[in-house]
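Number of protein chains: 2
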Amino acid sequence: MSQAERLHLEDVYVGQRFESRQHFLDADQIKRFAAEFDPQPFHLSDEGARGTMFGTLAASGWHTMALTMRLLVESVPLADGLIGASTEVAWPRPTRPGMTLQVHSEIVDIKPSRSKPDMAIVTIRSETRSEEGNVLQIFTARMPVYKGRKSAQR
Amino acid sequence: MSQAERLHLEDVYVGQRFESRQHFLDADQIKRFAAEFDPQPFHLSDEGARGTMFGTLAASGWHTMALTMRLLVESVPLADGLIGASTEVAWPRPTRPGMTLQVHSEIVDIKPSRSKPDMAIVTIRSETRSEEGNVLQIFTARMPVYKGRKSAQR
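If you read the protein sequences in the order shown, they are chains W and Y. So that you can map any letter, position 11 of the first sequence is 10 in numbering that gives the first Met the number 0, and since no number is skipped, the others follow by simple counting. So that you can map any letter, position 135 of the second sequence is 134 in numbering that gives the first Met the number 0, and since no number is skipped, the others follow by simple counting.
It should be emphasised that the hints constitute simulated quantities derived from the structure, not laboratory data. Note that this is a predicted model, so its numbers are computed, not measured. Just so you know, even glycine gets a beta-carbon here, dropped at the ideal spot from N, CA and C. Not one of these hints is a red herring.
Quick list of simulated restraints, FRET-style, between CB atoms: (1) E131/W to G132/Y: 38 to 48 Å; (2) D25/Y to D108/W: 29 to 39 Å; (3) T51/Y to T55/W: 40 to 50 Å; (4) G54/Y to P111/W: 18 to 28 Å; (5) N133/Y to S44/W: 35 to 45 Å.
Reference listing, derived: stretches of chain W covered by chain Y, where coverage requires no fewer than 3 residues with Cβ under 8 Å from a Cβ of chain Y: (6) 34-44; (7) 62-71; (8) 74-82; (9) 87-95.
The following block holds chain W by itself, in its conformation from the complex (with noise of 0.2 Å):
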């Protein structure tokens, strides 16, 4: 993506809309993350998993996460990058291997900046989704977001 298509603080508003592309997770991306970053058995086979709330092998919930960030890094141009100052993360439903992710974004709020005129805090709202719909995870951010140098020089 070129410089010129990518968003500064006139570009964006409430309302506006995202979709990444779609990230099919198996088994193996489960257990790799896993055996890294979140070892506890229901991550790391069926057979750990058995007799807990998940029943069969689900994926670490800050997998999940990882993945949205990959998605939305490619399908939300922000031109000076996705920081997040603060942000909420919960896990509806289990994402299990053999799904299909996609990542359906919107902004919610832009609450310009008290002390920097040419800064507003912007609050993404995204879905993580199942290829049937189902949301796996819910993702909120705010991050600062400036307005682009042209305009700053208006």
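Got chain W sorted already, so can you dock chain Y onto it with the hints?
Just chain Y now, kept in the frame of chain W:
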């Protein structure tokens, strides 16, 4: 850790603290995580960070979070696992190569479930700190915690 040492609802209390081991983070780990999950220039190289709010290479916040989860799994021995119902994550300072991370956690709230007498929602607040004691990340998670089988049989 044996099952006997793992904590059920009757073993936890507000004010209870946990301290993880330390994890040394180098530039290679930061770049590898970013290449897979958060490929923004400031997470990939010093050159890419020049002229951004980071100035030099900084870890993805989700890398700090994933490492925090690893350290939490090892240091907060809840019997039924660490399964976040809803969470908040914020990063007061960037995580940099060469830092040694440690997670300091405290149980800050226990809310008995109205519908399930053997369960409560336990809120854990975890600070991920550098060796110098600077807070890099504040993570708050609400997790279901269950009574042990013994006490349920009483």
